[in-house]
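> Below are the chains, spelled out letter by letter.
4 protein chains.
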Amino acid sequence: MNAADGTEPRPIRSGAEYIESLRGRRLRVFLQGAFIDEPVEHPVIRPSINAVAATYDLALDDPELASALSPYTGARVNRFLHIATSPGDLVMQNRMQRRLGQLTGTCFQRCVGMDAFNALHSVTHEIDARHATAYHRRLLDFLALVQRQNLVVGGAMTDAKGDRGKAPHEQADPDLFVHVVRRDASGVWIRGAKAHQTGCVNSHWLLLMPTMRLGAADRDYAIVGAIPVDAPGITYLYGRQSCDSRAMDGDIDAGNPRFAGQEAMIVFDDVFIPQERVFMDGEHEFASLLVDRFTGYHRRSYVCKTGVGDVLIGAAATVADYNGVERASHIRDKLVEMTHLNETIYGTGIAASHQATPMASGVYQADDMLANVCKHHVTKLPYEIGRLAQDLAGGLVVTMPAAADLEHPEIGALLRKYLQGREGVATEDRMRILRLIENMTMGRNAVGYLTESLHGAGSPQAQRIQIGRAMQLEFKKQLARTLAGIEPGPEAKPGTDDTPGSGNHN
Amino acid sequence: MNAADGTEPRPIRSGAEYIESLRGRRLRVFLQGAFIDEPVEHPVIRPSINAVAATYDLALDDPELASALSPYTGARVNRFLHIATSPGDLVMQNRMQRRLGQLTGTCFQRCVGMDAFNALHSVTHEIDARHATAYHRRLLDFLALVQRQNLVVGGAMTDAKGDRGKAPHEQADPDLFVHVVRRDASGVWIRGAKAHQTGCVNSHWLLLMPTMRLGAADRDYAIVGAIPVDAPGITYLYGRQSCDSRAMDGDIDAGNPRFAGQEAMIVFDDVFIPQERVFMDGEHEFASLLVDRFTGYHRRSYVCKTGVGDVLIGAAATVADYNGVERASHIRDKLVEMTHLNETIYGTGIAASHQATPMASGVYQADDMLANVCKHHVTKLPYEIGRLAQDLAGGLVVTMPAAADLEHPEIGALLRKYLQGREGVATEDRMRILRLIENMTMGRNAVGYLTESLHGAGSPQAQRIQIGRAMQLEFKKQLARTLAGIEPGPEAKPGTDDTPGSGNHN
Amino acid sequence: MNAADGTEPRPIRSGAEYIESLRGRRLRVFLQGAFIDEPVEHPVIRPSINAVAATYDLALDDPELASALSPYTGARVNRFLHIATSPGDLVMQNRMQRRLGQLTGTCFQRCVGMDAFNALHSVTHEIDARHATAYHRRLLDFLALVQRQNLVVGGAMTDAKGDRGKAPHEQADPDLFVHVVRRDASGVWIRGAKAHQTGCVNSHWLLLMPTMRLGAADRDYAIVGAIPVDAPGITYLYGRQSCDSRAMDGDIDAGNPRFAGQEAMIVFDDVFIPQERVFMDGEHEFASLLVDRFTGYHRRSYVCKTGVGDVLIGAAATVADYNGVERASHIRDKLVEMTHLNETIYGTGIAASHQATPMASGVYQADDMLANVCKHHVTKLPYEIGRLAQDLAGGLVVTMPAAADLEHPEIGALLRKYLQGREGVATEDRMRILRLIENMTMGRNAVGYLTESLHGAGSPQAQRIQIGRAMQLEFKKQLARTLAGIEPGPEAKPGTDDTPGSGNHN
Amino acid sequence: MNAADGTEPRPIRSGAEYIESLRGRRLRVFLQGAFIDEPVEHPVIRPSINAVAATYDLALDDPELASALSPYTGARVNRFLHIATSPGDLVMQNRMQRRLGQLTGTCFQRCVGMDAFNALHSVTHEIDARHATAYHRRLLDFLALVQRQNLVVGGAMTDAKGDRGKAPHEQADPDLFVHVVRRDASGVWIRGAKAHQTGCVNSHWLLLMPTMRLGAADRDYAIVGAIPVDAPGITYLYGRQSCDSRAMDGDIDAGNPRFAGQEAMIVFDDVFIPQERVFMDGEHEFASLLVDRFTGYHRRSYVCKTGVGDVLIGAAATVADYNGVERASHIRDKLVEMTHLNETIYGTGIAASHQATPMASGVYQADDMLANVCKHHVTKLPYEIGRLAQDLAGGLVVTMPAAADLEHPEIGALLRKYLQGREGVATEDRMRILRLIENMTMGRNAVGYLTESLHGAGSPQAQRIQIGRAMQLEFKKQLARTLAGIEPGPEAKPGTDDTPGSGNHN
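Residue numbers (the numbering used here), protein chains in the order written: chain F, 1 to 506; chain C, 1 to 506; chain B, 1 to 506; chain P, 1 to 506.
For the record, the hints were derived by calculation from the structure and aren't laboratory data. Where hints are given, some of them may not hold.
Any copy will do: because identical chains look the same in the list, a pair fits if it lies in one copy or spans two.
Think about it this way: if two alpha-carbon atoms lie no more than 20 Å apart in a straight line, the pair counts; the simulated SDA-like pairs of lysine to any residue are [as the list claims (entries may be wrong)]:
no., residue 1, residue 2
1, Lys166, Arg13
2, Lys380, Glu64
3, Lys380, Glu423
4, Lys417, Asp269
5, Lys166, Glu423
6, Lys166, Ser459
7, Lys417, Gly15
8, Lys380, His408
9, Lys166, Ala16
10, Lys166, Glu126
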């Protein structure tokens with residue numbers, strides 16, 4: 001995929017071409033103890049590929065929504081490869097994310113890469129300003145390459161971590177965080193593993209990044225670079241997820257047969273990155289800045305879950321309709337509650353985009369407080385929306401026989417007789433919508449809708465820490481003291497970061 | 001199993017004997033489109049049998065807790081077959097239920113039968129008083145039989161229901177609720193289906209009951225009786241549940257390899273019940289009373305989920321320990337929150353038992369308000385406990401490779417290297433505990449811990465209706481008017497059911 | 001105040017001039033059974049006047065924030081009198097509202113008028129288009145007048161209502177909703193009462209509007225017009241509120257001595273409105289549209305409460321500091337939680353402004369779904385923020401002796417000895433901050449921060465109804481059916497309002 | 001009041017006699033900077049006295065509920081003076097507490113003393129066993145005295161505390177915790193202050209107790225004893241509370257004109273306690289045990305708030321009735337929700353009583369876990385019940401004119417015209433019930449229903465700490481490891497306090 005031979009492949013145009021582009025690569029992928037020769041054809045993996053393909057097709061079907069004019073190539077590019085140069089660009093990302101959630105009902109796996117590019121845009125610019133490095137230009141060159149070829153770029157951040165009480169260099173095994181093991185004029189060699197890698201097998205390139213604040217002793221861990229997914233030395237360990245094997249059993253039992261997410265662990269065994277693809281190497285003091293900038297984008301990217309939530313609300317409303325209870329006031333009220341919760345995520349997320357501010361490099365950075373508030377809701381509200389969907393679904397969602405029973409000549413007739421709901425609703429349709437709800441609340445796509453919502457872009461406590469940092473307590477204490485008539489004391493220091501007027505507090 | 005030949009089999013003594021008792025029956029069980037010749041040996045079914053077996057073994061290991069002295073046989077019987085003749089008996093049920101939840105981490109499937117016996121004790125007594133029937137004596141005879149033989153009796157209540165806006169006799173297909181299709185001096189023949197039947201394949205007998213208030217036109221639906229599980233004409237359609245096929249893949253991926261619940265649909269095709277086993281036939285005005293009495297017990301039986309919650313709290317604490325973060329204040333606080341929620345269920349449930357009052361038949365009936373409050377918490381709090389468990393588990397709970405990968409000579413080494421947590425913790429143990437959390441929050445036992453908690457014994461709205469009925473608004477309005485100094489008006493009628501002093505309101 | 005004599009008074013320039021402008025009017029104001037000769041000097045009323053005065057002073061101190069360039073006068077006008085011609089204008093309203101909440105800790109009473117002007121801008125335009133009336137021009141003339149003179153305009157919407165189950169014309173007393181009782185070429189005479197009128201005594205003009213959907217039989221109730229507050233026939237019945245009489249007892253016990261809100265009932269006894277000030281008269285079919293447009297703005301105007309919330313967070317942090325516990329992890333976590341909740345209101349509210357869309361008249365209308373989501377949070381979250389503030393305050397907030405005790409020669413010494421907290425904190429300061437928390441959570445400003453948050457701009461159910469109307473269920477059901485593989489059925493009708501791409505769902 | 005002259009006064013028989021017993025004492029009480037000559041006649045104080053009087057009258061009206069047979073006097077005594085010698089005794093306390101909450105709508109102030117006696121029963125017994133002291137006998141003598149005379153005994157625990165980061169002996173001022181300043185053969189002299197003293201002015205005796213864990217250096221702070229309220233050297237500083245001065249303005253505006261709570265600070269200036277009334281002196285290692293035992297009772301005593309909640313539910317239902325909306329599904333649902341929350345408190349509290357266990361002294365101690373769970377709900381749920389009551393009340397609850405307006409000849413007519421609700425409801429009654437809701441949610445009795453619920457018997461974090469101590473993590477971890485198939489490791493130690501079978505966990 002990378003232009004190793006000097007001639008660039010023609011750009012990918014559609015979801016179908018994207019799927020073709022994945023064939024025949026010699027990735028080293030393991031799933032349930034077995035080497036997977038061609039992931040594209042594997043029934044467990046394919047739905048995750050379809051979800052990525054939807055990001056290509058949407059750019060064709062609704063180019064306003066899912067593509068943008070690149071200042072780097074002068075052409076329209078997929079919005080996932082676009083650098084945001086206005087709040088409106090970030091808002092359009094959110095609208096696209098919600099739409100893709102609606103179309104796939106799952107994680108379409110491209111937000112990490114998009115957010116990584118945007119975060120690196122400002123960070124490489126600032127490293128260069130401090131250290132006279134050339135990272136920003138290199139990043140833009142790489143960006144232009146993937147824009148021209150229209151490729152999928154995954155972001156690889158979360159390390160294996162080992163003992164969470166210890167810094168990278170203190171770990172019993174130095175490889176528990178990815179680090180540079182060799183370095184020469186041509187580039188660097190890295191070793192380690194990245195866990196929870198969304199969509200990595202479905203990507204063309206990986207953007208490797210550190211996962212946390214680093215000290216001087218962790219200098220070799222401060223490495224950022226771009227790596228083709230088929231680089232020598234990489235192994236992918238595919239995660240085993242709830243109900244993933246249902247993909248083998250036909251479309252009804254799968255619930256959402258076409259689409260799914262993907263999580264794998266990537267092991268790097270002395271993988272080479274050439275200098276031109278290195279965007280940070282040793283500037284450890286920028287590691288936490290990069291993480292902050294990235295999460296500033298990524299925590300608001302979870303508005304994708306509101307699109308998934310739309311599907312779940314629709315599924316719950318459909319079940320109520322099939323059961324003939326859609327007019328009951330408590331049913332209606334639960335749909336309103338689901339919507340209220342879903343739109344709370346959307347509102348806080350899109351507000352973070354609207355309230356973005358420009359960085360020195362020209363990229364716009366989402367509002368940090370609101371991005372964290374959005375993500376913090378994402379760690380809770382989908383669980384409650386899911387619970388309410390199960391409430392509307394009724395107990396059948398977990399006691400229903402399999403599609404194979406429906407197809408059985410004798411048993412099938414019994415099911416059609418006894419699982420009928422409101423007149424005119426086919427038993428098969430009722431089973432399909434119930435399996436979709438199962439899929440989204442405890443099955444394969446519950447992984448993305450619930451657990452990944454909880455942990456992706458930082459677990460709940462990470463947002464609380466960030467909210468705590470940004471909450472401007474000194475400013476607020478002064479407001480209160482003034483109204484209470486308390487004379488200004490020594491603790492009210494002017495000129496702190498807590499001055500009014502800054503940030504989102506006005 | 002039924003004493004058709006006049007000689008009674010010797011009583012079942014242990015879990016192992018119980019499992020033996022299930023072999024060789026010619027039940028008609030279907031699972032995923034296939035007839036199951038011997039359920040005892042089926043890997044998907046067996047864990048549910050083990051869970052029932054635990055109810056036998058606990059009676060041996062802790063007879064004080066799990067058995068009781070029967071006034072009907074003069075011998076100690078399994079507590080699941082015991083009639084509660086004091087609040088203490090009901091409290092002991094709750095303690096036993098919690099303990100079995102702790103030991104199995106799932107639904108052990110015997111509460112419906114226990115609660116059905118207790119509810120029928122008073123209801124048959126009251127029907128007899130009104131109609132001079134002999135139901136109560138028949139019930140006691142049947143009870144003595146199963147006590148002597150130490151059998152498992154399931155309760156079969158929930159009908160298929162069809163269009164929820166219509167009464168049984170108004171349905172397009174009269175069989176959507178179980179009803180009597182023929183009647184003669186020897187007994188009755190019934191037809192229909194019961195859905196969501198917990199543990200039915202693992203039972204020896206079924207107690208058939210109507211599911212809702214019935215009018216005069218629904219007289220044939222007002223049928224209660226005892227049926228052996230292997231009676232001619234019965235078909236069992238086993239439910240397909242999240243991750244049930246993991247049972248095929250070894251113990252680690254299963255999460256909780258030994259124990260699981262069971263839900264199936266039972267289809268009755270003109271099944272005969274002899275007169276001696278009929279406990280209601282046509283007394284439709286007692287149907288709603290029976291449902292109320294049954295749910296009065298059963299909604300408080302959900303304290304079993306606090307035992308399951310104990311396991312999940314323990315699993316979350318173990319993961320925190322393995323990750324080396326067990327001392328972080330927010331981790332500790334989440335364990336406290338999980339406990340607070342879990343004990344809220346326990347406290348309200350056991351209070352319903354302690355506050356029980358005697359019925360005319362001598363059985364004690366749990367407090368209705370508190371039983372409903374307990375169950376209503378059960379429809380929500382396990383979801384939040386589950387979410388917190390996933391929070392403590394970390395993202396690995398949904399991205400972790402399979403046990404087969406761990407066993408792979410090359411991949412296994414990578415996993416051991418990169419999935420190590422705190423020093424001294426084996427990667428396999430970390431995977432085991434994570435799979436247990438997956439099992440309980442989105443896998444096989446999430447069915448029982450979450451969705452069945454939501455819908456079993458009535459969905460949330462059913463409890464709200466019941467709480468609304470019992471909330472004594474007129475009494476409370478009078479309290480308020482008196483304190484506000486409002487003169488008594490025409491709406492304060494003495495002698496209503498809202499008089500102070502009754503029920504739990506004092 | 002109105003330019004009856006043909007010469008206009010010079011515009012009000014500052015808070016002080018605003019206060020002067022209120023003197024000497026002969027309003028008919030009653031408070032606790034007494035006629036109030038000069039409200040400006042009344043200690044209970046004055047704090048509410050100070051809060052309005054702050055809206056003038058902020059326009060001087062931060063003109064960018066609190067004023068705007070009027071296209072109607074070509075001059076900068078107070079932002080409360082400005083018509084929003086871009087999403088940015090609405091966003092600036094929210095930023096101003098938050099800032100004024102921070103500065104006053106209470107309701108500054110001008111949002112209803114601002115939102116009424118903006119709502120009437122589009123509605124009068126649309127009535128004119130249908131009925132060839134001249135309402136829009138009249139409205140703009142009136143707007144220009146109050147912009148030139150820089151006046152306070154209150155909005156008067158909520159009627160007395162009587163029996164909520166009956167339409168206006170069905171009420172036992174026709175005056176329970178304000179209606180036209182006489183009409184001639186010069187204008188109309190109205191009768192009735194408006195309840196819960198925020199800041200009415202502190203206004204110069206009132207914008208009278210209907211409160212709900214009206215039918216043809218309610219034609220005389222479809223009246224909109226501008227009335228000077230001192231018009232003959234108006235009586236103001238001032239509300240008695242929690243702790244309002246503390247204003248008599250010095251500044252410490254008052255908690256927030258300078259600022260408070262104002263709620264009164266206005267009784268109209270055949271009050272005249274000349275034709276030029278009538279903006280709707282009988283076009284009943286536009287009544288519900290006007291209410292919807294108004295609430296679309298007003299439900300998002302409640303971001304003012306986030307400014308008040310900032311004060312309360314600051315007060316809670318100050319108390320923690322005074323008690324020496326500000327570093328305890330649970331204290332810190334509660335401040336984070338308060339902030340998370342406060343910013344949820346802000347994020348959803350400001351998102352409604354950012355997502356505004358243009359109306360035919362040129363005004364921008366806030367996003368309806370997000371405005372309702374914002375307001376719905378406002379009905380709950382301030383109560384939780386208030387509870388957490390009381391948690392941090394400690395029990396002293398409700399057991400503390402009065403300021404008069406502190407001033408008592410002997411008792412004062414005891415209080416100074418025993419109410420000391422962390423070293424270096426004066427007992428008086430500790431009492432002041434505790435009284436501020438009391439003021440905001442159960443005292444005078446709790447009225448605005450809590451109860452008015454609950455009921456203003458529609459009680460919680462009003463938002464749920466509106467969310468239900470906008471939730472696009474058919475669109476969402478189609479999303480779900482498509483993913484579940486259900487063939488399109490008759491219920492999926494293209495061309496409904498639920499088509500994708502419209503509104504806020506993308 | 002104390003039997004100083006050797007002859008005992010005859011016992012108090014009724015509320016009226018109780019009130020008489022309070023007259024003519026020369027207590028040193030200050031309120032708002034003024035010395036109060038006769039508290040009984042002070043309009044702000046009297047409602048709190050009425051609430052205590054209700055505890056006497058209930059013992060006459062319902063002796064089964066509010067009195068008990070004392071093993072120490074052989075006569076029936078007020079239940080507030082009874083030692084619990086069975087779980088049933090504790091349950092009856094809760095039933096009495098709920099009933100008194102229903103009858104008064106406020107705090108009746110006697111639970112601290114009751115719980116203190118019960119806690120001291122076991123603690124003095126255990127001190128004697130360790131130190132061969134005579135505290136238990138002294139306590140029983142004192143108990144018999146107050147039982148014979150039927151007196152009110154308050155418990156005085158919470159110290160002023162000063163800097164919360166320091167131990168008593170480390171404070172800048174040693175008096176910030178009450179301590180012994182002199183000691184001789186006749187007794188001890190104490191100095192310091194107790195804050196938040198519920199009902200102290202309305203008591204006959206005070207039971208002084210330490211407030212926290214004490215070390216050897218705090219030996220002089222380990223003092224327990226009984227003191228008559230009129231002992232020389234005591235000063236009472238009455239708290240100023242929300243809307244307390246409404247008591248001056250007639251019964252309508254007061255909301256609940258007859259009943260209120262009482263909180264004051266007690267300052268002890270070298271107050272003498274004779275040896276016979278000393279129940280602990282220097283046995284510092286028992287201080288934390290005493291606090292734990294006391295809170296074990298007292299945190300479950302907050303079921304009184306469910307009686308208050310009954311009043312508020314009744315008030316909200318009455319308002320809905322007056323507004324003509326009592327049949328709307330969302331109104332009904334909110335009443336159900338209020339009830340569900342209220343009964344959650346009741347269920348967990350009464351469960352703690354039912355699950356009580358005997359101490360060596362013979363007294364029964366409530367279940368610690370459930371008592372803490374109950375109290376922890378009390379810190380939150382009344383706030384939500386209060387919010388829902390305000391929701392049903394409508395905005396009028398904070399905008400309504402005063403009763404003086406209603407009495408005004410002209411204004412009164414306007415109010416009657418415009419504040420009418422459903423036909424047949426008097427405007428005055430509507431105002432009365434709204435003022436009651438104001439009283440309970442932000443006015444005088446909100447102090448007891450909300451803030452005191454939050455802080456009394458320990459603020460929320462105190463319960464979380466206690467729940468954390470009792471949550472048996474090791475036991476639960478072992479449950480999880482066993483089910484997950486993890487081999488027992490070194491951390492599973494048998495014989496810890498986490499063994500199954502103890503406490504409420506089975």
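> Hint by hint, say whether it matches the structure.
Going through the hints against the structure:
Taking the shortest Cα distances, Lys166 and Arg13 never come within 20 Å of each other, neither inside one copy (46 Å) nor across copies (54 Å). Taking the shortest alpha-carbon separations for Lys380 and Glu64, neither the intra-copy value of 32 Å nor the inter-copy value of 38 Å comes in at or below 20 Å. For the homomeric pair Lys380 and Glu423, neither the shortest alpha-carbon distance inside one copy (37 Å) nor that between copies (32 Å) is at most 20 Å. Taking the shortest Cα distances, Lys417 and Asp269 sit within 20 Å of each other only across copies (12 Å), while inside one copy they are farther apart (58 Å).
For a Cα distance limit of 20 Å, the shortest separation of Lys166 from Glu423 across copies, 11 Å, qualifies, whereas the shortest one inside one copy, 62 Å, does not. In this assembly of identical chains, the alpha carbons of Lys166 and Ser459 lie at most 20 Å apart only when taken from the same copy (18 Å versus 35 Å across copies). Neither within a single protomer nor between protomers do Lys417 and Gly15 lie at most 20 Å apart by alpha-carbon distance, with minima of 41 Å and 37 Å respectively. In this assembly of identical chains, Lys380 and His408 lie within 20 Å of each other by CA distance neither inside one copy nor across copies; the values are 41 Å within and 37 Å between.
In this assembly of identical chains, the alpha carbons of Lys166 and Ala16 never lie at most 20 Å apart, being 46 Å within a copy and 49 Å across copies at closest. For the identical chains of this complex, Lys166 and Glu126 are neighbours neither inside a copy (28 Å) nor across copies (47 Å), given an alpha-carbon limit of 20 Å.
Going through the hint list in order, the structure does not satisfy hints 1, 2, 3, 7, 8, 9, 10.
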